[in-house]
Structures are given as structure tokens and as C-alpha cells.
Amino acid sequence: GQQLNQSPQSMFIQEGEDVSMNCTSSSIFNTWLWYKQDPGEGPVLLIALYKAGELTSNGRLTAQFGITRKDSFLNISASIPSDVGIYFCAGPIIQGAQKLVFGQGTRLTINP
Amino acid sequence: EPEVTQTPSHQVTQMGQEVILRCVPISNHLYFYWYRQILGQKVEFLVSFYNNEISEKSEIFDDQFSVERPDGSNFTLKIRSTKLEDSAMYFCASVRRNSNQPQHFGDGTRLSIL
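Going down the list, the sequences are from chains A and B. One rule links them: number in this note's numbering = place in the first sequence (from 1) + 14. One rule links them: number in this note's numbering = place in the second sequence (from 1) + 6.
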């Protein structure tokens with residue numbers, strides 16, 4: 015089945031640093047989603063990308079939909095402590111009802 | 007903003023017992039989902055539900071699992087005879103249309119099987 019590979023698996027950074035993570039797939043997705051998960055909570059949507067090449071921002075977060083439709087990256091600028099968490103990329107597979115395929119996640123840890 | 011709500015937040019159950027996890031999807035959404043996340047792993051699709059029937063299920067969703075929409079608001083996941091390996095976070099999600107619209111997730115139920 016379709017799989018998403020995220021890298022890096024974990025990041026340890028200083029507060030204020032910029033962060034970049036990416037997600038790749040062996041097959042094409044028509045939508046890329048980036049979710050954040052805080053401990054004990056469900057995934058919360060950060061950014062949705064719908065067109066190849068699209069670059070979308072949400073505050074300090076910027077994500078791009080790769081032109082091959084097989085990758086996406088998420089950048090966080092000027093990280094703050096509340097950015098700590100696990101970031102997942104996800105792509106919908108629409109055969110019948112939509113279902114989401116998730117990457118393994120990137121765990122972000124920030125040292126104050 | 008409307009939310010998907012799940013109860014209970016934590017369920018502890020003896021192995022072999024039945025458990026029912028409950029979800030209230032967003033009110034005007036039509037497609038409902040259950041996902042599972044084993045500790046430290048990625049979120050995995052279990053089942054999708056539309057128009058009062060299962061649309062798709064993964065290989066994880068075996069005969070021990072069932073879903074139901076008993077009334078106009080609740081969406082439940084039942085595990086008939088729980089196993090140790092069923093211990094995980096279970097997330098409910100919903101979306102209004104079967105399109106590229108992002109799914110909205112609840113905060114999950116942590117299921118612990120003893």
C-alpha cells in the first residue's frame with residue numbers, strides 16, 4: 015500500500031531556531047496534510063496543500079507541495095516552546111470513502 | 007469551532023472483556039473514521055463509515071471489531087474480546103464530504119488492556 019516516509023524522525027533544537035522536515039512517498043498524492051500532535055491529544059491540522067507546487071503559510075509555519083506530487087516539506091521559523099510535539103504528514107486515499115495514510119512522524123524537542 | 011468529541015479519555019479493561027469507545031462527530035459531517043495509534047508509532051486507519059455502513063476496513067479491523075451509529079449523533083467502536091495488543095490510542099475522525107477536505111480528529115481514547 016501507499017506509505018509516507020518522514021525525516022528526520024526526531025529533532026532537538028534551541029528555541030528560536032528554524033526547523034525543516036519533509037515527507038516523501040513512492041506514489042502520487044493529490045493532497046498533502048500536515049498535522050501536529052501534542053501528548054495525550056489527537057492530531058490537529060496545521061496546513062493543507064491541494065496543488066502541486068503550492069506554498070502555503072500558517073503563521074510561522076510554511077509548507078510546500080512538491081511538483082512531483084510525491085513529497086512535501088514543512089518549515090517552522092523562530093521556534094518557540096509550544097512548537098514541541100510530533101508532526102505528521104498525511105495523504106488521503108480516495109477509493110470509496112477517503113482514508114488517511116500517515117507518516118511515522120517527526121518528534122520536535124526544543125531546548126529553552 | 008465544532009469539534010469531534012470522544013469518551014472516555016482513558017479506558018482500562020481486562021483482557022477478554024468487551025469495550026465500547028464512543029465518538030460524537032461534527033454534526034454536519036457525513037463520513038466517519040476510526041484510527042489507531044500504538045504508543046510511539048504512527049496513526050493507522052481502521053475503518054471508514056458512510057450512510058450507515060462500513061465503506062472500507064483495514065486488515066487490523068478483524069471480526070473482533072465492529073462499528074455502529076446507534077443514533078443521529080454517536081459513532082461507536084466495539085472490541086468484542088480485547089487482547090493485550092489492542093492497547094493503543096483510538097482516534098475518531100469525521101469529514102463532511104468525500105473529497106480532499108481534511109479530516110477532523112478527536113482527542114482520542116487511551117485503551118489499556120491488562
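One or more hints might be untrue.
One side of the interface only, derived from the structure: several residues of chain A facing chain B at Cβ under 8 Å [stated by the list, open to error]:
#1 Glu55
#2 Gln112
#3 Gln118
The set of hints was computed from the structure by calculation and includes no laboratory data. Think of the CB as a built atom: it goes at the ideal place given N, C-alpha and C, for glycine as much as any other residue.
**Message:** Output the indices of the hints that this structure fails to meet, ascending.
**Reply:** Failing hints: none at all.
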